[in-house]
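Position chain B relative to chain A; hints supplied.
Top line first, the protein sequences correspond to chains A and B. Position 46, counted from 1, in the first sequence is what numbering that gives the first Met the number 0 calls 45; the numbers after and before it change by one each time, with no gaps. Position 6, counted from 1, in the second sequence is what numbering that gives the first Met the number 0 calls 5; the numbers after and before it change by one each time, with no gaps.
Accuracy of the hints is not assured; some may be wrong.
To be verified - If you want a taste of the chain A side facing chain B, the calculated C-beta under 7 Å gives, among others:
| hint | residue |
| --- | --- |
| 1 | Ile10 |
| 2 | Leu14 |
| 3 | Arg108 |
| 4 | Asn120 |
| 5 | Met122 |
Simulated from the structure, these hints should not be mistaken for lab results. Note that beta-carbon positions come from the ideal geometry of N, C-alpha and C, so glycine has one too.
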Amino acid sequence: MADTLEKQLDIEADLDNLDLVLDTIEEILSGAGAGMKIIKACQLSVEELFVNIANYGYADAKEKPCSINIQAKCDDTKGNARIELRDKGLKFDPFAKEDPDITLKIKDRGVGGMGIYMTKNLMDSWEYKYDNENIVILEKSWNL
Amino acid sequence: MKIEKIVEGNKTEVLLDGRLDTNAAAEFAKEMETILTPDLKELVIDMQNCGYMASSGLRIVVNAQKTMDANQGTLVLRNVPGDVMEVFDMTGLADLLTFE
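This is chain A alone, in the form it adopts within the complex (with noise of 0.2 Å):
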């Protein structure tokens, strides 16, 4: 058996639609025959894109064109998730900057930084183009 599901969402960069995100990436995956802690890692890998899109892509854009495409195929043995997001916001590769330093203490942390730390820990691989558009792409795989 070897199947392919995939879903396109052209949404608004808008956090109300976080959950339609959440849920689809669900929908789609799990169709696929993806566990739970594989949904989990690709579910948090986006939010914390989709949410970097939605608070600062657009600055004060009106409207805030996003497209995610998600894709999961498997076969008899193993899944793979593939998750596209595109946005025409300010040009910006949420990759490019430095990890954070996760040695620090408690009163050493600052705000931010662990979002997309996290999507790098989560993720089987990564990719940022700039075509006209930010495109950042995401991988997951899964055993069967």
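Below, chain B without anything else, positioned relative to chain A:
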């Protein structure tokens, strides 16, 4: 997300139920503003029914620990599920916080 709060003198217990995503974290942060008073000595956050935490949630926990340190009090994270524990682990916080 449902946030339940049990207050007993200078001890407060917070029970989280649901997905602690960025939207829930905004709600939780607002709740914590009223909970984290200067005379709070014991804070327990029960996460038994919270199996998902984004970095926005993590930030609230770090801030709560900072406040409890300033108060010379304690913060205990109780019943933390494996997937959430992993987030504390990967961000270097597992050794800096108290779990039970």
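Hints, one by one, checked against the model:
1. Interface restraint check: Ile10(A) against chain B, minimum CB-CB distance 15 Å, threshold 7 Å, status violated.
2. At about 6 Å, the closest approach between the beta carbon of Leu14(A) and any beta carbon in chain B falls short of 7 Å, and the interface hint on this residue holds.
3. With 7 Å as the threshold, the beta carbon of Arg108(A) comes within range of chain B, its nearest partner Cβ sitting at about 5 Å, so the hint holds.
4. Residue-level restraint check for Asn120(A) holds (minimum Cβ-Cβ distance to chain B is 5 Å; threshold 7 Å).
5. Hint on Met122(A) is violated. Least Cβ distance to chain B is approximately 12 Å, over the 7 Å limit.
Violated hints for the displayed structure, listed by number in ascending order: 1, 5.
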